[in-house]
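Taking the hints into account, I'd like the entire structure generated from these sequences.
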Amino acid sequence: MADDKDVLRDVWFGKIPACFTLSPEETTEREAEPYYLLLPRVSYLTLVTDKVKKHFLKVMKAEDVEEMWFEYEGTPLKWHYPIGVLFDLHASNTALPWNVSVHFKNFPEQDLLHCLSNSVIEAHFMSCIKEADALKHKSQVINDMQKKDHKQLWMGLQNDKFDQFWAMNRKLMEYPSEEGGFRYIPFRIYQVFVHLFILYSHCCSMKLH
Amino acid sequence: MAGEKNSASCYLDERTFRLCCQLFLQHSETIQDGWSWEQIKGTDEGFMKKTVLTPVKSSLLHKQHGCFMQAENMDLLTDDIQANVEDETAGVQAACEIHAVLRYEYHVLYSCSYQIPVLYFRASTLDGNPLSLEEVWSNVHPNYRQRLQQGPWDTLTQQEHPLLGQPFFMLHPCRTEEFMKPALDLAQAENKRVNYIVTWLSVVGPVVGLDVPLSYCTEVSAPD
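Sequence order for the protein chains is E and B.
Under the UniProt record's numbering, read the first sequence as residues 1 to 209, first letter to last.
Under the UniProt record's numbering, read the second sequence as residues 1 to 224, first letter to last.
None of these hints come from the bench; they were simulated from the model.
Beta carbons are placed, not taken as given, at the ideal position from N, Cα and C, and that holds for glycine.
It cannot be assumed that every hint is accurate.
To be verified - EDC-like mimics (lysine to aspartate or glutamate), calculated; alpha carbons at most 20 Å apart, straight line:
no.	chain 1	residue 1	chain 2	residue 2
1	E	138	B	14
2	E	171	E	4
3	E	130	B	178
4	E	138	B	13
5	E	138	B	178
6	E	130	B	177
7	E	78	B	160
8	E	171	E	6
9	E	138	B	177
Unchecked claim - Quick list of the computed label-pair ranges, beta carbon to beta carbon:
no.	chain 1	residue 1	chain 2	residue 2	range
10	B	32	E	95	55 to 61 Å
11	B	127	E	29	29 to 35 Å
12	B	29	E	96	55 to 61 Å
13	E	19	B	127	36 to 42 Å
14	E	7	B	143	48 to 54 Å
If you want it as structure tokens, here you go:
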């Protein structure tokens, strides 16, 4: 896979410039300035937007602040989809930066999962990895890895550390040649209404052999 | 299908899943247990579904969810509760303040990735307010809570329903093999075939408040 390193790095370091604006529905003590941020495609909204939250909290009263959630053109954004997937699904045809609205109340219970701590994101991420490996290796590789290896995989993503992540991820990318390759190639199709997109989720940023 | 070579396979292929569900549903119909099959329009995918109204102490609910029954909701109650409420000499209003009614919706789906069934559910008050994870946890019987907490991926987590796209709670399927294997091995040793769904649901269901009457075990056959 040495010759693929450039591709792997390009995928990992892909970014989307975003502009976060507080929703006009929110109550503020004074006007809120928009906040600009480069979002990593491979990560999750709730993992990389602490600064956004801090920024808007400065102009809000504590009692007006509940769980933060994001919306684009009226559609609540599912934090549990990788950022790159969200952008490609909702806004790929529009000009950059990606204009996202920030909310702190009226959490849309029917549409969004709650995300009250990073451990929720970690559990979701590991659950996706596990499911992918169930398809690829009948879960052999993920189950043979130790807890600290799983932790390293997660920390690599959380802290944006390519080498730390790939030190573990490469184990999930190897296949036993005696069995002629991966059992199945896991990929996930994300649909929005009638539009069908075939996308590689970040945990499947693998090349097909 | 169970029963090959030395030990039974814990995995369920999709066709067998459907056959087991069909047999399960037939019995449900017989005993009026409330299960139905939901087909996704325009696809050949579907799942089993059951809705249950269950009384709980209102103190378990978040204050915002104060769902006290009005007189007009009385006919939604089970016979038991209604009888108790009617017995209250203090009057219907006072009795209503002790109980609240929650709506639990259980779905049995097939997971292609793991090749096993998975249980999804959601809970809300009668006026549609969904329960949080904490509230759902507090309704899990104490006997089961420890078991549920044993592994980060084995707990009750909020997930997107694979077919409906909405937030549901899910019991992670990792540990399915652990409890299905002994049951399937035993059945094979005794030359019996089991209905995978009946065996599986009778283990996972009660953990999240879903009752699976004993008659399923005796009356539902395994698929051919």
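Going through the hints against the structure:
no. : hint                     : result
1   : E/138 / B/14             : 17 Å, holds
2   : E/171 / E/4              : 15 Å, holds
3   : E/130 / B/178            : 17 Å, holds
4   : E/138 / B/13             : 15 Å, holds
5   : E/138 / B/178            : 16 Å, holds
6   : E/130 / B/177            : 15 Å, holds
7   : E/78 / B/160             : 10 Å, holds
8   : E/171 / E/6              : 18 Å, holds
9   : E/138 / B/177            : 13 Å, holds
10  : B/32 / E/95: 55 to 61 Å  : 58 Å, holds
11  : B/127 / E/29: 29 to 35 Å : 33 Å, holds
12  : B/29 / E/96: 55 to 61 Å  : 56 Å, holds
13  : E/19 / B/127: 36 to 42 Å : 38 Å, holds
14  : E/7 / B/143: 48 to 54 Å  : 51 Å, holds
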